[in-house]
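Novice: As a plain string of letters, each chain reads:
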Amino acid sequence: MCGIAGYYGEPDCADSRADILARMIGSIAYRGPDAQGFHIDDGVGLAHARLSIIDIGGGAQPMVDVDDEIWVSFNGEIFNYIELREDLIARGHRFRTASDTEVILAAYRAFGPDCVKRFNGDFAFALWDSRRRLFMLARDRIGVRPVFYAERGRCLYFASEIKALLAAPGVAAQIDPIALDQTLTFWFPLAPRTIFKDIAELPPGHILLATADGARVQPYWQLSFPDAADHAACDRRDAREIADELSALLEDATRIRLRADVPVGAYLSGGLDSSIVTALMKKLVPEQLRTYSVAFEDAEFDESGFQSAMVTALATDHHTLLCSAADIGRSFPEVIAHVERPLVRTGPVPLFALSRFVRTQGLKVVLTGEGADEVFAGYDIFKEAKLRRFCAAQPASKRRPRLLERLYPYLPQLKAQSQSYREAFFLAKPDDLADPLFSHLPRFRMMQGARAFYSAELRNALAHYDALADLRDRLPADFLRWHPLSQAQYLETAFLLPGYILSSQGDRVAMAHAVEGRFPFLDPRVVEFATRLPPQVKLPALREKHMLREATRDLLPREIADRPKQPYRAPDSHSFFGTACCDYVNETLAPESLAAIGLFDAAAVKKLVRKCAAGRFVGARDNAAFVGILSTQLLSRQFVRKTASVSEPPQAA
Amino acid sequence: MASSRVQIREFIRDNFLFREDRDTIADSESLLDTGVIDSTGVLELVAYLETEFGLDIADADIVPDNLDSIERIDDFVARKLAARAAA
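Protein chains in written order, with the numbering used here: chain G, 1 to 653; chain Y, 654 to 740.
Worth flagging that the hints you see were computed from the coordinates, not collected in a lab.
Source: prediction; values computed, not measured.
Treat the hints with care, as some may be off.
A few chain G positions that, by computed beta-carbon distances, are all more than 12 angstroms from chain Y [said to hold, decoys possible]:
1. W221
2. D298
3. A299
4. R422
Under 10 angstroms between C-beta atoms, here's a sample of chain Y residues computed to sit facing chain G [claimed, not checked]:
5. V659
6. L670
7. F671
8. I678
9. D680
10. E682
11. L685
12. G688
13. S692
14. I715
15. P717
16. K733
17. L734
Glycine included, every Cβ here is placed at the ideal spot set by N, Cα and C.
Starting from the given sequences, assemble the full structure and let the hints guide the process.
Specialist: Set out below in structure tokens:
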């Protein structure tokens, strides 16, 4: 796991190519503290910052193939590299190293750009084929590893993080109003858009191919579900058979993710998903296993009790990092520098602290339970949507809405909500049922409360823009024929997962401290297996992740196996007030600071800040708006320079 | 009870109204229909009434009939205070 950067074309700059590459990779050196490497050829420059995990002696990058013709700079892992290597050797390919990097080179030589379809891995790489003078960028199916690019003049710059692009000649950061509106609605910009104008993200499951004739971006994989009416397309075997196959698949997905020449640990939240991963690891590698978790002072967010149950059951060497609200407030600006986008929640901050803690303990790799909620239908939003649809089918029914009580049992505030208010907030409006975004409308509408704080200038820039319509336009052609649960899962898996969970809460905060996360539930075989499960089997009644529980029942103590979902959440706006830690908040949100950046209305923000500072009850809508505005201000001040200076890229402190 | 109404109006204005493109709301306007209040907003309102007026508000009281406009909230507070005084 590493950082990559470089260019294709000719940089329009008097500086030496080596200096440009050194500046770019230097700005993300924390991703790969073990070594740096460069390759400069006519019309291409590749840089690499290495975190050594596989073939520590032989895996230096950029790497050239055995015939000295194809170069690659690679971030991530190809987990099935051992099997691919054997296959390629059988086909007559030769290898100099035992690394997964060289497997990319040989697979490219054997299969061309389509080689990505054979990779089971989390990867982003830049490849240069000097024979065909072809440049290629590629990104894994789900979007675990990032890669961004910007075209300037006759040059295409690329890098693992945006700050490395900002170190390239002629690339400056300017907030894109549409991306900001998307972020404050969906929690992230819709790829390929990033929060900065004219800087793009290569979407998950895509490759970019560039030659002298130009560049084109194309998908090589897309998440898809069977049509609801097509019963033959679903897995119709009996539940026990499905569970057995899933169990074997998860074990194999975990097994190949333990491939590393350094120790591998686990994040253990105490929830079902991380407990399954930890139990599988323990089964595969019985020796001492190190596990890590965050604990919160506030019982509303804390899961320590469940963590101890798993630690006892599996006898792991467990370490807990206590994270206070003040810690969150203090680290927030630094986290914004790493995630490079506004945040509407503080969830990434404790994970940033956790990766630092793990790193000081000498670990470089952790497995986590990320992805199970998307792939196996664990999120509450799936249950909420199912209930809203169920109630809407019989609007006269008095009994159906009573089921709303069963949603969100872990939210003390909502639990106290009376039935009539629950109905007012959760029941669908008549037009909503036909909307492809049905499952997510309540969340998106709640989030759009932040628009109340937009400046006149920003409103103007967005006058003809509708974020929800934009998202609808990006849905696959057959989306409306899918089962409603599949539709909701698609929205989570194709958008929120790469856009927020794997980036702001994943790669960026883990790699800030050179820690690589690996996710067995996001093995492409597991993902595709799950898309074929009948929706009624994934979410029977209101029992989330039913099939996953069935498949892993023997692995876990009963209290964990039957545990209801508690989503990962962290303290929000009150992290920024009440302690001495956050002097920057008032200054960042002062009327003159808001006016200088011009995105938010100072008078309206002042009232929001006063409310959050008073710290009585602050609802989800206000929390999201407050965190969103604060982070946008911090981002602008860190990244947007009136006079972009080439020699001073923003540093992640 | 004019003073409690002023207080309630101020609370609504300071805590919810900044989201809307206006500074005032009629005492009879529905807080739900106008989108002034959302699901967690109701709990903010209840917490305010409990601390500010020393009320004890049961779950059964948290219904739009009692809380969906400044007028209704004021009437509700008055009834609760009167009931307490009588007890």
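Novice: Look at each hint and say if it fits the structure.
Specialist: Hint by hint, here is what the structure shows:
No beta-carbon of chain Y is positioned within 12 angstroms of the beta-carbon of W221(G); the least distance is around 38 angstroms. Distance check on D298(G): its Cβ is at least 16 angstroms (rounded) from any Cβ of chain Y, clearing the 12 angstroms threshold; non-interface status holds. The Cβ of A299(G) lies farther than 12 angstroms from every Cβ of chain Y, with a closest approach of about 18 angstroms, so its non-interface assignment holds. Its closest Cβ contact with chain Y, about 8 angstroms, brings R422(G) to no more than 12 angstroms, contrary to its assignment away from the interface.
Using the Cβ-Cβ criterion of 10 angstroms, the hint placing V659(Y) at the interface with chain G is not satisfied: the shortest such distance is roughly 18 angstroms. For L670(Y), the interface hint holds, the least distance from its beta-carbon to any beta-carbon of chain G being 8 angstroms, beneath 10 angstroms. Look at F671(Y): its Cβ gets to within about 4 angstroms of chain G, closer than 10 angstroms, so that hint holds up. Using the Cβ-Cβ criterion of 10 angstroms, the hint placing I678(Y) at the interface with chain G is not satisfied: the shortest such distance is roughly 14 angstroms.
Annotation: interface hint on D680(Y) violated; nearest CB of chain G at approximately 20 angstroms, more than 10 angstroms. A hinted interface residue such as E682(Y) counts as satisfied when its beta carbon comes closer than 10 angstroms to some beta carbon of chain G; here the least separation is about 15 angstroms, so the hint is violated. For L685(Y), the interface hint holds, the least distance from its beta-carbon to any beta-carbon of chain G being 5 angstroms, beneath 10 angstroms. About 9 angstroms separates the beta-carbon of G688(Y) from the nearest beta-carbon of chain G, less than 10 angstroms, and the hint is met.
This hint holds: S692(Y) has a C-beta 4 angstroms from the nearest C-beta of chain G, less than the 10 angstroms allowed. A hinted interface residue such as I715(Y) counts as satisfied when its beta carbon comes closer than 10 angstroms to some beta carbon of chain G; here the least separation is about 4 angstroms, so the hint holds. Nearest Cβ of chain G to the Cβ of P717(Y): about 6 angstroms, under the 10 angstroms cut. The hint holds. Interface restraint check for K733(Y): the shortest CB-CB distance to chain G comes to about 16 angstroms, outside 10 angstroms, so the restraint is violated.
Annotation: L734(Y) was flagged as interfacial toward chain G, and the flag is violated, the nearest CB pair being 21 angstroms apart, outside 10 angstroms.
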